[in-house]
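4 protein chains.
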Amino acid sequence: MFQVRTDLAVEARELYSEGENREVPGVEVKIEEEKYYTITRVKILDKIGEKNMGKPTGTYITIEVPNLKNPNEDLKDEISIQLAKEIKAIAKNTKKTKTLIVGLGNWNVTPDALGPKVVKRVLVTRHFFVSYKKEDDEEMANVSALSPGVMGLTGIETGEIIKGVVEKTNPDLVIAIDALASRNMNRISTTIQISDTGINPGSGVGNKRQGLNSEYLGVPVISIGIPTVVDAATMVNDTIDLIIDSMMKEAKFGSEFYEMLVELSKEEKYSLIREVLEPFMPNTIVTPKEIDELIDNLSIVIANGLNIALHPGIDLKDVNRYIK
Amino acid sequence: MFQVRTDLAVEARELYSEGENREVPGVEVKIEEEKYYTITRVKILDKIGEKNMGKPTGTYITIEVPNLKNPNEDLKDEISIQLAKEIKAIAKNTKKTKTLIVGLGNWNVTPDALGPKVVKRVLVTRHFFVSYKKEDDEEMANVSALSPGVMGLTGIETGEIIKGVVEKTNPDLVIAIDALASRNMNRISTTIQISDTGINPGSGVGNKRQGLNSEYLGVPVISIGIPTVVDAATMVNDTIDLIIDSMMKEAKFGSEFYEMLVELSKEEKYSLIREVLEPFMPNTIVTPKEIDELIDNLSIVIANGLNIALHPGIDLKDVNRYIK
Amino acid sequence: MFQVRTDLAVEARELYSEGENREVPGVEVKIEEEKYYTITRVKILDKIGEKNMGKPTGTYITIEVPNLKNPNEDLKDEISIQLAKEIKAIAKNTKKTKTLIVGLGNWNVTPDALGPKVVKRVLVTRHFFVSYKKEDDEEMANVSALSPGVMGLTGIETGEIIKGVVEKTNPDLVIAIDALASRNMNRISTTIQISDTGINPGSGVGNKRQGLNSEYLGVPVISIGIPTVVDAATMVNDTIDLIIDSMMKEAKFGSEFYEMLVELSKEEKYSLIREVLEPFMPNTIVTPKEIDELIDNLSIVIANGLNIALHPGIDLKDVNRYIK
Amino acid sequence: MFQVRTDLAVEARELYSEGENREVPGVEVKIEEEKYYTITRVKILDKIGEKNMGKPTGTYITIEVPNLKNPNEDLKDEISIQLAKEIKAIAKNTKKTKTLIVGLGNWNVTPDALGPKVVKRVLVTRHFFVSYKKEDDEEMANVSALSPGVMGLTGIETGEIIKGVVEKTNPDLVIAIDALASRNMNRISTTIQISDTGINPGSGVGNKRQGLNSEYLGVPVISIGIPTVVDAATMVNDTIDLIIDSMMKEAKFGSEFYEMLVELSKEEKYSLIREVLEPFMPNTIVTPKEIDELIDNLSIVIANGLNIALHPGIDLKDVNRYIK
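Protein chains in written order, with the working numbering: chain H, 34 to 357; chain R, 34 to 357; chain C, 34 to 357; chain E, 34 to 357.
Everything labelled a hint here was simulated from the structure, so no lab data went into it. It is possible that some hints are incorrect.
As the list claims (entries may be wrong) - Below, a list of computed lysine to any residue pairs in the SDA-like style, where the Cα atoms sit at most 25 Å apart:
id: 1; chain 1: E; residue 1: Lys63; chain 2: E; residue 2: Asn100
id: 2; chain 1: H; residue 1: Lys166; chain 2: E; residue 2: Tyr249
id: 3; chain 1: C; residue 1: Lys102; chain 2: C; residue 2: Ile81
id: 4; chain 1: R; residue 1: Lys128; chain 2: R; residue 2: Tyr165
id: 5; chain 1: C; residue 1: Lys102; chain 2: H; residue 2: Lys322
id: 6; chain 1: H; residue 1: Lys153; chain 2: E; residue 2: Asn100
id: 7; chain 1: E; residue 1: Lys167; chain 2: H; residue 2: Glu190
id: 8; chain 1: C; residue 1: Lys322; chain 2: E; residue 2: Lys121
id: 9; chain 1: H; residue 1: Lys322; chain 2: C; residue 2: Pro89
id: 10; chain 1: R; residue 1: Lys121; chain 2: R; residue 2: Gly251
id: 11; chain 1: R; residue 1: Lys201; chain 2: C; residue 2: Gln243
id: 12; chain 1: H; residue 1: Lys153; chain 2: C; residue 2: Asp110
id: 13; chain 1: R; residue 1: Lys121; chain 2: R; residue 2: Asn217
id: 14; chain 1: C; residue 1: Lys166; chain 2: R; residue 2: Lys68
id: 15; chain 1: R; residue 1: Lys68; chain 2: R; residue 2: Gly87
To be verified - From the derived model, a few chain R residues whose C-beta atoms are all more than 10 Å from chain H:
id: 16; residue: Glu83
id: 17; residue: Glu106
id: 18; residue: Ile123
id: 19; residue: Leu206
Think of the CB as a built atom: it goes at the ideal place given N, C-alpha and C, for glycine as much as any other residue.
With the hints as extra help, turn the sequences into a complete structure.
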């Protein structure tokens with residue numbers, strides 16, 4: 034089946050269900066509504082779910098926070114705490130867990146720099162455990178962090194760098210942070226996805242050919258992602274749909290055009306747009322003007338969430354003391 | 034008449050001429066083809082030209098360099114020299130001319146940072162002239178440079194800062210560098226526009242309400258601009274046109290749809306797109322992924338062009354010695 | 034009288050009083066000890082005080098916070114509030130006061146970038162007052178902010194840029210932020226000086242020839258400064274003194290050497306060091322390794338202090354909501 | 034024997050030879066004087082040489098270029114070419130050699146950022162060889178590059194990251210770039226040291242505990258270093274020596290002081306200074322004010338040198354085309 038590309042399980046689900054009034058087969062969904070945010074828990078249960086969603090079996094938790102685009106400090110703190118809860122629940126980490134945080138993406142490309150910015154801000158402690166030959170501590174857990182860059186900067190597949198470091202440092206858990214592509218401008222910088230399936234080829238803003246998952250790295254891999262760009266073809270596609278909706282309401286055209294559209298399937302339309310756009314705008318990104326500031330804010334929310342989730346002695350009261 | 038917004042005179046001309054096989058009334062155009070670039074000299078002659086083009090009377094020179102997206106050093110040097118020639122011709126500066134270079138735009142927003150990056154790289158000398166109480170010099174001209182920021186950063190209209198500085202330092206000439214919006218993804222970072230009309234309200238990537246022109250500042254104002262973003266609505270609009278072209282060729286629809294499109298005028302279509310896009314993507318920019326690197330390259334080309342144009346003692350051979 | 038250069042009134046006082054057990058004539062001093070900081074209020078009362086201190090008549094308030102080098106969030110908040118109180122007391126601003134914040138220094142030189150970093154972080158509002166044609170507001174005051182750069186970057190004397198902008202925008206108050214030089218490594222990034230005398234020639238990390246004071250700008254000028262570097266000659270000088278102290282205690286030498294040192298006056302020693310150092314290390318700075326991080330922290334403390342002091346509707350509870 | 038710490042073999046040699054008019058035993062030295070630079074080739078031949086120099090057996094080439102502080106383009110090109118020659122001679126690389134370039138140091142601390150800045154600028158190609166499954170090429174060699182950060186940023190010993198990546202990617206050669214500490218302000222940013230001994234514990238601006246050498250990594254390791262800071266204690270020490278020289282010439286003191294100084298050995302003096310300085314200025318660096326600009330320039334010189342040395346198809350004419 035044709036799959037419009039999206040990194041978000043909630044969007045894969047929307048795409049499937051469009052026009053079909055039932056849940057995706059092989060997928061379980063729970064939705065929790067809070068005052069300022071909505072949590073959607075998508076479980077892909079089996080091969081049928083994998084096929085329908087275009088994503089591997091596992092859990093995908095989405096926290097959607099419309100005001101995260103322009104948050105006040107209280108909201109940022111609330112989301113960090115909620116994120117910490119979800120990370121803990123999915124990672125099942127204890128104070129003995131050794132975690133390697135990996136910031137994926139290219140720090141020179143603003144909307145791709147989310148991962149490296151989070152890595153810059155989390156509290157790293159592994160070197161103290163090594164120096165003092167400690168196994169665990171009441172306050173802090175053993176955390177290391179790395180931004181491996183992208184292949185264009187290093188000449189090395191990102192996965193190879195991570196695997197090399199994992200083999201040398203033997204963490205129990207890898208948490209990978211990545212900027213995602215969304216189908217919908219409204220999700221840019223407002224949606225956080227946490228998953229226990231790691232990072233899989235073709236996801237993220239850039240191109241990663243080797244997956245970063247437990248199969249490859251040999252330890253559990255949690256991924257945390259936030260959409261920061263919309264694909265140009267997607268944007269045009271969605272706009273055309275909106276225009277057609279708008280035109281239909283105004284009855285600006287008759288039956289022939291309607292039939293043409295029905296005839297032209299969703300896949301054909303998207304392919305046509307890609308084909309038309311590609312030659313004159315390869316590597317184009319669609320992103321909010323203030324993306325630099327948004328990424329800075331989001332990296333603080335995620336880094337705080339990670340600090341609370343990983344270190345037993347850090348809670349909301351003092352989480353901001355540890356942010357860099 | 035309805036005007037699709039563009040900062041480039043060559044695009045305003047294309048928009049006017051579309052479907053009409055004649056030159057824009059009130060406008061004079063000369064085109065010069067070189068191996069690696071094309072120079073278009075547009076002169077808006079009178080009120081009729083102003084109305085047709087949506088731009089004030091004056092000269093607009095465009096250097097289009099398709100390979101400027103991925104230039105080698107020789108091409109960059111060649112374009113710097115050509116740019117220097119055009120600046121000299123339009124500015125009529127001598128070694129006695131005191132020039133203030135103004136870098137417009139927001140240094141925190143990558144595609145808007147062209148002006149500030151150029152200012153960072155040009156050779157400034159005014160302080161030596163002041164210190165040694167010299168009026169002129171065989172090697173260097175009196176040059177100062179300023180990046181005033183944008184209103185969201187300072188709370189002050191950019192024009193007011195420039196005017197305050199002009200009144201204190203009395204330059205003979207102001208050259209303003211700005212990032213522009215284009216209608217066409219192909220022009221991003223490949224087209225340089227030089228004009229003697231200064232910067233006028235509503236142009237550039239950000240919004241400037243006060244024009245920076247000779248009327249306001251009291252001295253001649255040359256503007257140099259390079260498109261770095263495409264407006265999202267424009268991109269959708271152009272893509273739809275391409276799709277329709279493509280569909281028509283394949284005869285995928287009949288006469289009714291064609292009639293609908295003919296009925297739906299260009300203005301209506303663009304307005305419809307803006308209306309549909311606005312609520313869900315305000316402040317969206319469409320830009321190449323590698324815009325950071327492109328802006329760096331372009332700022333060197335422009336800064337070199339300015340250094341050669343302004344200082345009598347700098348020529349191609351040593352221009353790279355003065356770049357910062 | 035010979036004056037060892039220092040930007041801090043507390044250090045000028047120490048230098049004067051050294052060896053003399055009495056207050057500096059023409060100067061009034063009050064000291065307030067708090068748990069985490071000490072406030073010293075120095076008033077230079079008259080010409081005699083000016084001569085003895087090498088600084089103009091006026092008030093110099095110093096907040097010394099030894100832990101500001103490695104602060105937790107509570108301490109940063111506490112110091113921001115205290116700073117806000119001092120600014121309010123010295124500036125006598127109301128909600129109608131229009132303030133221009135000026136960030137002095139070179140953003141390319143890390144220890145000189147304090148002023149520009151503060152400007153980047155304060156809340157600017159003037160453009161809203163202009164747009165809505167408001168004179169005042171219950172929540173916000175009219176604040177603009179500018180980092181004019183340094184002469185080597187612009188070719189323009191910093192004072193000229195500020196004066197030009199003051200004449201165009203007519204603020205009631207200018208607050209200038211600057212990085213200072215201290216005599217003492219311990220004061221680096223732990224001491225904040227607030228003064229109503231503005232910035233005077235020769236102070237700060239770089240060289241400013243034109244003072245930024247009420248006489249020149251025509252409105253009151255408050256300066257806020259934090260030492261970020263120690264002069265190399267000063268450091269050598271102080272180290273030699275420490276060595277001599279240490280040697281004397283250990284009686285490593287006899288009367289002749291002691292006599293030589295007594296003979297060699299303080300001025301002669303310092304001049305000798307400068308003379309010896311100058312040829313082989315012009316423009317050398319002595320600064321902590323982690324100065325980048327220190328400056329970031331300090332700029333938040335000052336920007337928060339300014340936001341609380343200037344805007345009637347911002348208090349501690351929500352100050353962090355406005356920091357950028 | 035007491036060793037004042039220096040990363041430069043030429044300085045270790047000076048320290049040894051001071052007062053002794055003969056070459057260091059176990060060390061061979063050749064000096065080559067050119068118009069704009071001097072090359073010193075130090076070979077530590079055996080255990081005796083190691084002990085006397087405080088450095089492992091191997092070759093240490095130093096290119097001293099006094100004008101590199103303020104270079105024109107011709108000088109930069111000349112030094113890049115000379116550097117390329119030395120790298121080739123010491124690395125014995127061919128077009129088949131797979132090289133991993135490692136940029137050591139902390140990118141957040143300006144004078145420690147040399148390595149990461151070089152890595153940012155070199156041409157990386159390994160991913161093309163992997164994609165096209167090529168073993169070699171007439172124009173390009175297989176080059177990858179990585180900046181591993183420092184332990185305070187990652188929690189991981191730098192050597193472990195490099196070793197992990199070496200094991201995954203199997204280069205034939207590692208070239209490590211590092212910022213060094215010098216004893217002498219004049220050497221800051223004017224001296225390039227190339228060595229075949231790799232990086233050894235305790236060298237560089239930061240602290241690296243694990244050496245990066247062929248023994249640890251299993252492949253030859255070339256190191257390239259440039260001094261960017263002077264140790265504060267060293268600076269004071271050297272200044273005191275200069276002062277004493279100056280005083281002696283002016284006969285400002287008699288025999289007793291002279292005797293005291295003779296009695297106080299070099300080691301004692303340096304230890305005394307360290308002791309006195311430590312409590313009030315830990316982690317202090319002494320560096321030129323314009324260090325940001327110097328590091329930028331130097332990183333271009335080194336990256337150009339590496340590009341010429343490693344890729345068969347890059348020569349002086351087009352080296353600037355490949356710099357980023």
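Here is how each hint holds up against the structure:
1. E:Lys63 / E:Asn100: holds (22 Å)
2. H:Lys166 / E:Tyr249: Roughly 22 Å separates the two Cα atoms, so the pair holds.
3. C:Lys102 / C:Ile81: violated (36 Å)
4. R:Lys128 / R:Tyr165: Satisfied, since the Cα-Cα distance of roughly 17 Å is no more than 25 Å.
5. C:Lys102 / H:Lys322: Since the Cα atoms of Lys102 of chain C and Lys322 of chain H sit roughly 35 Å apart, the hinted pair is violated (cutoff 25 Å).
6. H:Lys153 / E:Asn100: Not satisfied, since the Cα-Cα distance of roughly 36 Å exceeds 25 Å.
7. E:Lys167 / H:Glu190: Status holds; Cα separation ~16 Å.
8. C:Lys322 / E:Lys121: Answer violated: Lys322 of chain C to Lys121 of chain E is near 35 Å, above 25 Å.
9. H:Lys322 / C:Pro89: violated (47 Å)
10. R:Lys121 / R:Gly251: holds (20 Å)
11. R:Lys201 / C:Gln243: Between Lys201 of chain R and Gln243 of chain C the Cα gap is close to 14 Å, so the pair holds against 25 Å.
12. H:Lys153 / C:Asp110: Holds, because 23 Å separates the two Cα atoms, which is no more than 25 Å.
13. R:Lys121 / R:Asn217: Judged against 25 Å, a Cα distance of about 29 Å means the pair is violated.
14. C:Lys166 / R:Lys68: Judged against 25 Å, a Cα distance of about 54 Å means the pair is violated.
15. R:Lys68 / R:Gly87: Violated, because 31 Å separates the two Cα atoms, which is more than 25 Å.
16. Glu83: At about 30 Å from chain H, Glu83 of chain R clears the 10 Å cut-off, so the statement holds.
17. Glu106: Holds, since 20 Å exceeds 10 Å.
18. Ile123: holds (31 Å)
19. Leu206: Leu206 of chain R clear of chain H: closest Cβ-Cβ about 31 Å, beyond 10 Å.
Consistency note: the structure conflicts with the earlier hints numbered 3, 5, 6, 8, 9, 13, 14 and 15.
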